[in-house]
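Generate coordinates for the entire structure from the input sequences, incorporating the hints supplied.
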Amino acid sequence: MKLEEAVRELKMEVRSAAGNLSREVSGGYASDLLSDVMAHAGKDCLWVTVQLHQNIVAVAVVKELAGVVIVNGREPDSETLSRAEKEGVPILVTSLPTFEVVGRLYQLGLRGTASC
Amino acid sequence: MGKDRGIGRVQELTYELKVGEVMTREVITARPDCPVGELRELFRVNKISGTPVVDGENLVGIISIEDFIKCLAGGEMDCSVEKKMTRKLEVLYADEPVVHAINKFERYGFGRFPVVDRKTGQLAGILSKGDIIRGLLNKLEIDYREEEIHRYRASHIFEDILADKTVITLRYNVLGGDFDRAGISASTLKKTLTRLGFAPQVVRRVAIATYEAEMNIVVFAEKGEMVSHIYPEYIQIQAKDKGPGIEDIEQAMQPGFSTAPEWVRELGFGAGMGLCNIQKSADEMVLKSKVGKGTDLQATFHFPD
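Sequences listed follow chains H and S, in order. For the first sequence, numbering that gives the first Met the number 0 gives the first residue as 0, with consecutive numbering after it. For the second sequence, numbering that gives the first Met the number 0 gives the first residue as 0, with consecutive numbering after it.
Everything labelled a hint here was simulated from the structure, so no lab data went into it. No residue lacks a Cβ here, since even glycine has one placed at the ideal position from N, Cα and C. Among these hints, one or two may not hold up.
Rough simulated footprint, nothing fancy, chain H against chain S, three-plus residues with beta-carbon under 8 angstroms [to be verified]: (1) 12 to 24; (2) 182 to 193; (3) 267 to 274.
Encoded structure:
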């Protein structure tokens, strides 16, 4: 599935790197611990989290994630967004909570990724 | 994959490039009191099909070849441009991203839009679809060449250096508590290693370990450094700090064990998995630490044949 499909289906709002939505998403991972994402998220997967800190961008770059979904209507600050823009990491926001987001992504056909 | 990325880059460029960068700056214009009949020569000589109408410095309208044809059919060649032009103007601003322009072309179906400077309100240029395509192609070519040059230079570095032993050392300073710049060494090193032509799998493993080691310095030490030694056969990273040191290394290596303060954990750090992640990514890991003195971590990554 392409990232833009997920954006459309879940009516998420794109906060950065809007030009990168044609990326193919390989699966999903949900966690709020950065090292846990570092350890387990797969390449090109979509990461669902409540974290807003700039460091989510570094994690996404190092793990080559397709994008970051920030849940519960939380808004990342401008530093996070400008770093995401610079690195080409799409940040998507939604008012839905994690459980709901993951459930819907799963229904769209995304599966969990596990890799080291 | 390659194709997808190409499309992605073009889309990205439509956000990066500004209308002002791709527009035609030398605009042919008509005056409001000019008779419509004179447009024929203006259009023909300049091979254009429409032109903004400018009164002194101000943009007052736009007139196209369609307006001209209507006048021709109605025998109104002596009528002034002012009376036949479109006054309700759709303009673009020079500082808007090109993607706005593309949306406008789709929405209105016009062949061109006058471009206005947002500050002065004056005509700055004109934009057609051809200008956009030309602008995008130019930028793509520049990007492509720059990256090619970087890659070429970097990937030949070992061949070009003549020595009995070649080591490239990359040093990144890490400031304790600086969560805003945390992760920069890892992403910068990743970019550099990719340019040097190393296999993506190796680059990923090195980047993960570098990230975790960097975070440890940021969370626990006042300052430290990340040094990467690149050998023709392997990469070794070293994280050195003058931090508090680790009391019990065996305990620190346990997954989930962390001494990070609560506020750090709330940011999503301090999960107690950093060292395990480094060990899993690396082929070899050596951790030395003295309480009150600091910590020295080395991790080695061999290249698969």
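Here is how each hint holds up against the structure:
1. 12 to 24: holds (count 4)
2. 182 to 193: Held - the region 182 to 193 of chain S has 5 residues with a Cβ nearer than 8 angstroms to chain H, which meets the minimum of three.
3. 267 to 274: With 6 residues in contact (Cβ-Cβ under 8 angstroms with chain H), the coverage given for the region 267 to 274 of chain S holds.
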